[in-house]
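Going by our numbering, the sequence shown wraps up at 422, each residue one higher than the last.
What the hints contain is simulated information worked out from the structure, not anything from laboratory work. There may be inaccurate statements among the hints.
Stated by the list, open to error - Each pair of labels, with its calculated beta carbon distance range:
1) T282 <-> A165: 39 to 49 Å
2) L45 <-> A390: 26 to 36 Å
3) R19 <-> H415: 48 to 58 Å
4) S384 <-> D303: 51 to 61 Å
5) D62 <-> R233: 29 to 39 Å
6) T170 <-> G232: 22 to 32 Å
7) D62 <-> A165: 43 to 53 Å
8) D303 <-> G246: 18 to 28 Å
9) G264 <-> D94: 52 to 62 Å
10) G232 <-> D62: 28 to 38 Å
Note that the Cβ used here is the ideal one computed from N, Cα and C, for glycine as well.
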Amino acid sequence: MAEIAAGERIEGVGIAGMAETGAPLGADYEPLTDLISWRDQPGVEQVARLEDEFGPQELYARTGLRLSPKLPLTTWRWLADTTDVLARTRLWAGAPDLVFAALTGRYATHLTHAQRYGVLDLRRRTWDDELLAWGGLDRLPEIAESMTIAGHTIAGPLPTGVPVVLCGHDHLVGAWAAGVREPGQVADSLGTSEAVITPSAELVIDDELRRQGISVGWYADGRRGVAVSGHAAAGGLVDERLAHFGHGYDWLVGVLEVLGPPSDQVIAPYPTGRQAPLPDPTASYDVRAPAADPAAELRALVDGLSFHARWMAEEQTRLLGIDWQDTIAFGGPTRLEGWMRRKALAGGGRGFAVVEGEAVAAEGAALMAAEVVSGRRSQALTGNPVRISQALSRTWDGFFWDRFHKVVTAVG
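Using the sequences and the hints given, assemble the complete structure.
Laid out in structure tokens, this is it:
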């Protein structure tokens, strides 16, 4: 940060970051553990106990979250059950909160990070005392509302007094930066995993959303609601299959240039189960026809991933009562033009655009900080429309979409 700031006038700093990941801090704010990541998920046994005591419907009605061992709530209970760490904990801080504290000397967490802890009453935007008591930890940072200055820099890598804005959950900030700001727009955040994000006019908490594996909460702007579906196998699964066949991305670019109707193969792209829709922990990486060659399998895999992203968006918008108009994608895999054309073809004739850039969430944090500090509305990042043949799109939208949907709903 000091290197970036050298010779420049810094008007503000925006912070976006991953959700769920954090650490307990001791009396002098020293870390008592390593960062406990959303991937670590130590509280598997505690999830079962949480389900017994509260039930998945009740937890969802309060927090908008499905039961999961990645929730900090279950991590805290695991720490309480297995260690003495919580007894020595002065404060729990998420990863973005630690960056904020390093810059400002104080602790706070953004609303969209607070809502991923598993202990936020979404409707009241306050901590839920009963859930805090169950987790065994009520020493949490104050909640910073969206689109506000949360603090100012102290002596350190930047000049003193620079406004600092906590911008929120990186997926949501990236979607906001990409211009997904109104109902009818859908964001597709692509990386090792994939998140489909749909803002709604207001907060919607409905148990059918839970049954379809969809989390809900507040959007990055703090005014709208949002629905989020996750798919753990996206770019990571493509990486895995490329490594299996001994090929790299230069080879894949050529493979995906072959464009026409979807593959004759149908791949259910769920190596570790399906999160949404129709959550199914038994779903697998299911190749319904033998691959004639690696290129045939990778094309079929990308086609399957593209159809699955459509399925997630269709369920979100249907259950929210939103007319899905278009999608904007961002993230590392958007550099693969052939993959993006396949996603556009799989989208049912809706508009599809790509925001290029390696760090869209970070750019979004800068844009949001600029808007908050200056008081002037920021322009969204430019999305480049993906042009496709409408005749070919109709081919994807008919038999092939129906076939994919029938196959994957039968997997398990």
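Does the beta carbon distance between R19 and H415 stay inside 48 to 58 Å, or does it fall outside? For H415 against R19, whose Cβ atoms are near 54 Å apart, the range 48 to 58 Å holds.
I want to verify a distance hint. Is the separation of the beta carbons of G264 and D94 within 52 to 62 Å? Between G264 and D94, where Cβ atoms are some 57 Å apart, the hint holds.
So the hint says 39 to 49 Å: do the beta-carbon atoms of T282 and A165 match that? This hint holds: roughly 46 Å between Cβ atoms.
Confirm or reject the claim that G232 and D62 have a C-beta distance inside 28 to 38 Å. holds, 34 Å
Holds or violated: the 22 to 32 Å window for the beta-carbon distance between T170 and G232? This hint holds: roughly 28 Å between Cβ atoms.
Just to be sure I understand the hint, the distance between the Cβ atoms of L45 and A390 should be within 26 to 36 Å; is that true here? The hinted range 26 to 36 Å holds for L45 and A390, with Cβ atoms some 31 Å apart.
Starting from the hint 51 to 61 Å, judge whether the C-beta atoms of S384 and D303 obey it. Holds - the Cβ-Cβ distance for S384 and D303, about 55 Å, lies within 51 to 61 Å.
Determine whether the Cβ-Cβ distance between D62 and A165 falls within the hinted range of 43 to 53 Å. At roughly 50 Å between Cβ atoms, A165 and D62 fall inside 43 to 53 Å, so the hint holds.
Has the hinted range 29 to 39 Å been met by the Cβ atoms of D62 and R233? For R233 against D62, whose Cβ atoms are near 36 Å apart, the range 29 to 39 Å holds.
If you check the beta carbons of D303 and G246, does the distance land in 18 to 28 Å? Since D303 and G246 have Cβ atoms about 22 Å apart, the given range 18 to 28 Å holds.
No hint from the list above goes unmet by this structure.
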